[in-house]
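2 protein chains.
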Amino acid sequence: MGQQAEKALVLLSGGQDSTTCLYWAMDKFGADAVSAVSFDYGQRHRIELECAEEIAAAAGVALVSLPIDTFAAIGGDALTDSGINVESDLDEASGLPNTFVPGRNLIFLTFAAAYAYQRGIGHLVTGVAQTDYSGYPDCRKATIEAVQSAIQLGMDTDLQIHTPLMHRSKKQTVELARDLGALEPMALTHTCYNGVRPPCGECPACILRARGFAEAGVDDPLIDI
Amino acid sequence: MGQQAEKALVLLSGGQDSTTCLYWAMDKFGADAVSAVSFDYGQRHRIELECAEEIAAAAGVALVSLPIDTFAAIGGDALTDSGINVESDLDEASGLPNTFVPGRNLIFLTFAAAYAYQRGIGHLVTGVAQTDYSGYPDCRKATIEAVQSAIQLGMDTDLQIHTPLMHRSKKQTVELARDLGALEPMALTHTCYNGVRPPCGECPACILRARGFAEAGVDDPLIDI
Chain G
1 MGQQAEKALV LLSGGQDSTT CLYWAMDKFG ADAVSAVSFD YGQRHRIELE CAEEIAAAAG
61 VALVSLPIDT FAAIGGDALT DSGINVESDL DEASGLPNTF VPGRNLIFLT FAAAYAYQRG
121 IGHLVTGVAQ TDYSGYPDCR KATIEAVQSA IQLGMDTDLQ IHTPLMHRSK KQTVELARDL
181 GALEPMALTH TCYNGVRPPC GECPACILRA RGFAEAGVDD PLIDI
Chain B
1 MGQQAEKALV LLSGGQDSTT CLYWAMDKFG ADAVSAVSFD YGQRHRIELE CAEEIAAAAG
61 VALVSLPIDT FAAIGGDALT DSGINVESDL DEASGLPNTF VPGRNLIFLT FAAAYAYQRG
121 IGHLVTGVAQ TDYSGYPDCR KATIEAVQSA IQLGMDTDLQ IHTPLMHRSK KQTVELARDL
181 GALEPMALTH TCYNGVRPPC GECPACILRA RGFAEAGVDD PLIDI
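Protein sequences, first through last, are from chains G and B.
For the first sequence, the residue numbers in the numbering used here are 1 to 225.
For the second sequence, the residue numbers in the numbering used here are 1 to 225.
No lab work stands behind these hints: they were computed from the structure.
Mixed in with the good hints there might be a few duds.
Note that identical chains are pooled: a pair holds if it fits in a single copy or bridges any two copies.
[Unchecked claim] Below, a list of computed lysine to aspartate or glutamate pairs in the DMTMM-like style, where the Cα atoms sit at most 25 Å apart:
| # | residue 1 | residue 2 |
| --- | --- | --- |
| 1 | Lys-141 | Asp-158 |
| 2 | Lys-7 | Asp-40 |
| 3 | Lys-28 | Asp-89 |
| 4 | Lys-7 | Asp-91 |
| 5 | Lys-7 | Glu-92 |
| 6 | Lys-141 | Asp-156 |
| 7 | Lys-7 | Asp-179 |
| 8 | Lys-7 | Glu-145 |
| 9 | Lys-141 | Asp-27 |
| 10 | Lys-7 | Asp-89 |
| 11 | Lys-7 | Asp-81 |
| 12 | Lys-28 | Glu-53 |
| 13 | Lys-141 | Glu-202 |
Whole structure, please, built from the sequences with the hints as guidance.
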């Protein structure tokens, strides 16, 4: 059993990266010291939330799902605004995909920190990665460091944000999952942009995932479902 | 008319400080360039939201109210958790009042920034003040600077957060409101911790407000209602 201050909260989206982080946290802090949080923020693919539940149950960790109704009220992105279609081209003005939800990781981390604060949890773990950051500026190391600073000052806490995948490629993330014995739960994860299981195999997310497994020389258990 | 990049969004809580900031922003950016946002986050005194509406209407600026259902789901504070009573003593462990909602200003500013991002608004204005910060660490200058840094990096924007009251005493805030011609709308603001209008006159917030007006030698129009 870890001490109170060693407790960790994993931001679990139901995808490959956050699931790897869950097992990373269980390895680092001890399985009994880890819990998980998912966010129900009006995302297009609600299958993510079901996946997070199945993954947490398989890992034997508690999961809380927190609602966020604000992004949909703000509108303007294709992920939470049902009036906007997902475009494959980048937005000309911003250079970002129109699935960019401004501030999403800032909000997720701050709410996770608020939840952790109330429960004496001293560590957050998130699967953001700068390597494949797909044009999302809120996945960069500098952003996460600034958010940690804002949280530490704003809540008067020394809460730490861990980003074990920050500089890993998809191949290296698959290798990490393999080394942590976390390949089996990968069958429960969701990646496909088209929101289908088994995955479509053709969207950019499916192709990126397949390449990572191929380069690591590991079979993706999701494909065998 | 200000240019697009000169547009400003004021975080309007319905209180004395944010109302002063609204008039500060109208003076600095031009009345036509200013709009306001309030947050419906499950606060105990919903009269704040009605006050914000009345104040925005009186000032002739558009107001959007954004919902946030997450704080109540997180729980643990007396402001949004109806199962917890407000205590007048500070919490022994944290040294903070039990009305402290962890991360509140971080969340408000980040959602306001997301709203601003989608609409090409380059400036946020908030009434937080370090001077009277009442033990709330998320009102400090260092916190706001860290939040601005997280927003700028996370949204790849140069959005600026203005805090015109940061180093002003309550007396100086009253003087600023007077100089901006913003005393009349003070009759529409809400300050009282007990959530009543006319104010109770006896809670710490009412006493602090009364002292500020007295020290500035100005009659509080709220008292004459």
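Subject >> Violations among the numbered hints >> reply: 3, 10 and 13
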